[in-house]
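Chain order of the listed sequences is L and E. Under the numbering used here, think of the first position of the first sequence as 127, with each following residue one higher. Under the numbering used here, think of the first position of the second sequence as -12, with each following residue one higher.
Certain hints may be false.
Unchecked claim - Here are the computed lysine-lysine pairs in the PhoX-like style, where the Cα-Cα straight-line distance is at most 25 Å: (1) L:208 <-> L:134; (2) L:208 <-> L:232; (3) L:162 <-> E:59; (4) E:13 <-> L:162; (5) L:360 <-> E:95; (6) L:367 <-> E:131; (7) L:306 <-> E:131; (8) E:-2 <-> E:111; (9) E:72 <-> L:360; (10) L:367 <-> E:-10; (11) L:232 <-> E:95; (12) L:325 <-> L:288; (13) E:20 <-> L:345; (14) E:95 <-> L:162; (15) L:277 <-> L:288; (16) E:67 <-> L:262; (17) L:340 <-> E:-10; (18) L:325 <-> L:360; (19) E:131 <-> L:262; (20) E:-2 <-> L:266; (21) L:134 <-> L:232; (22) E:59 <-> E:-10; (23) L:262 <-> L:345; (24) L:345 <-> E:59; (25) E:70 <-> L:367; (26) L:331 <-> E:131; (27) E:20 <-> E:111; (28) L:325 <-> E:20; (29) E:70 <-> L:345; (30) L:360 <-> E:20.
Because the hints were derived from the structure by calculation, they are not lab data.
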Amino acid sequence: MLIKIDGKTYKGHPGETLMEVARRNGINIPSLCYKKGFEGLGRCRLCLVEVSEGKRSKIVSACVYPIKEGIEVTTITDEIIKMRKDIILLLLLRAPDNEYIQQLVKEYEVKAPERYIQNDNDDCILCGLCVKACEKLGTKAISLVNRGITKKVSTPYDDPSKDCIGCGACAETCPTNAIKLEESNGIRTIWNRDFDLVKCSICGKYYTTLDALKFIEDKLASNEEHICDTCKKKSTASKFKESFQHIY
Amino acid sequence: MAKGIVISPDKCTGCHTCELACSFTKNDLFNPKDSAISVLSYDEAGLQVPMTCLQCDDPHCMTVCTVNAITKDPKTGVVKVDKDKCIGCKMCISACPFGNMTYSSRLKQVIKCDLCSGTPQCVKECPSAALEFKELDGPLHKRKNIANLFNNVFGEVAK
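Produce the complete structure using the sequences and hints provided.
Written as structure tokens, this is what we have:
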């Protein structure tokens, strides 16, 4: 299947989204909620592009638009820039202090009119990428709860979730760094739950949560000693060294 | 057949050039902490041991990765991490039995050797040929295969 993006022809497979084709070919379409390997969420709407099919043209979200034979895509037009500016303005009003949003504001030269009142100051833009990541991991500890202005990402009833393993994948995938993972005195706090961190049995460094290790042990069906990556490397190297010492 | 990095600790001088070569090629910085290869020194034995990913046949990191960000190329045998697909759960780091995967909190990504798509820079820069990029189907591999056959035939009897 051949499609045209900004005048150049690219190959795509049926069922692929426009974003997948663009990213594969190094074409930059801005996005906050898109992640390779995930189905498009279509939440941040920054990936708006213009798609022309014959004489008709329309504006679509690249991350959720399945490609069709012979479409022509324009990634930047005046109209798209205007729409992106509006979206960034709304994001700015939600998360005025967030550095990632500020970067976009700078890039697109968005200025919030003074008549807008900034009520919230939340880093979360409700894109749901963290929810998707948790779902893909198989833990499914968090979800988007409530509707309207009270919508947020949380565990059921904001209680400490027993499904959560404290791996921090949600915090890693968050495009605006809104999820806080705190660690102190061998305790990791995330989503209102305190996790006991596991000490490396050799160096004594805290390195991961017990639940995350259990998750790995279940997957690999093995039960290994709790050793951090640095110490594992050291012990492998010393085995290597010992075998060499006996040769010479 | 698959090629891999063959490490000879007896030839390693401990100059750490491989670490710098790796971090420079991958991250444009000379920071040994962000390198996928690291040299461990054993002064009392007079040995330096470079350690890097062994590109396992049955990689534990790949097994635990739930988003399929880690894949093994059937042709080259390279176990590769797709950074765009990675969600940062760090399960692979805990799962690697050799500790050859690390996490860089500065780069916010896992660090693992991918053999530089067939031209490992650490091997190229190694001044003492302690690292070599060779066919792994050597005599040792053949011997291993025979040993495995032996094990299959006589293993049950021995039990």
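We went through each hint and held it up to the structure:
{"no.": "1", "hint": "L:208 <-> L:134", "verdict": "holds, 24 Å"}
{"no.": "2", "hint": "L:208 <-> L:232", "verdict": "holds, 14 Å"}
{"no.": "3", "hint": "L:162 <-> E:59", "verdict": "holds, 18 Å"}
{"no.": "4", "hint": "E:13 <-> L:162", "verdict": "holds, 20 Å"}
{"no.": "5", "hint": "L:360 <-> E:95", "verdict": "holds, 23 Å"}
{"no.": "6", "hint": "L:367 <-> E:131", "verdict": "holds, 22 Å"}
{"no.": "7", "hint": "L:306 <-> E:131", "verdict": "violated, 49 Å"}
{"no.": "8", "hint": "E:-2 <-> E:111", "verdict": "holds, 15 Å"}
{"no.": "9", "hint": "E:72 <-> L:360", "verdict": "violated, 29 Å"}
{"no.": "10", "hint": "L:367 <-> E:-10", "verdict": "holds, 23 Å"}
{"no.": "11", "hint": "L:232 <-> E:95", "verdict": "holds, 24 Å"}
{"no.": "12", "hint": "L:325 <-> L:288", "verdict": "holds, 21 Å"}
{"no.": "13", "hint": "E:20 <-> L:345", "verdict": "violated, 29 Å"}
{"no.": "14", "hint": "E:95 <-> L:162", "verdict": "holds, 16 Å"}
{"no.": "15", "hint": "L:277 <-> L:288", "verdict": "holds, 22 Å"}
{"no.": "16", "hint": "E:67 <-> L:262", "verdict": "holds, 19 Å"}
{"no.": "17", "hint": "L:340 <-> E:-10", "verdict": "violated, 34 Å"}
{"no.": "18", "hint": "L:325 <-> L:360", "verdict": "holds, 17 Å"}
{"no.": "19", "hint": "E:131 <-> L:262", "verdict": "violated, 38 Å"}
{"no.": "20", "hint": "E:-2 <-> L:266", "verdict": "violated, 50 Å"}
{"no.": "21", "hint": "L:134 <-> L:232", "verdict": "violated, 29 Å"}
{"no.": "22", "hint": "E:59 <-> E:-10", "verdict": "holds, 13 Å"}
{"no.": "23", "hint": "L:262 <-> L:345", "verdict": "holds, 14 Å"}
{"no.": "24", "hint": "L:345 <-> E:59", "verdict": "holds, 18 Å"}
{"no.": "25", "hint": "E:70 <-> L:367", "verdict": "violated, 33 Å"}
{"no.": "26", "hint": "L:331 <-> E:131", "verdict": "violated, 38 Å"}
{"no.": "27", "hint": "E:20 <-> E:111", "verdict": "holds, 20 Å"}
{"no.": "28", "hint": "L:325 <-> E:20", "verdict": "holds, 22 Å"}
{"no.": "29", "hint": "E:70 <-> L:345", "verdict": "holds, 22 Å"}
{"no.": "30", "hint": "L:360 <-> E:20", "verdict": "holds, 15 Å"}
When each numbered hint is compared with the structure, violations occur for hints 7, 9, 13, 17, 19, 20, 21, 25, 26.
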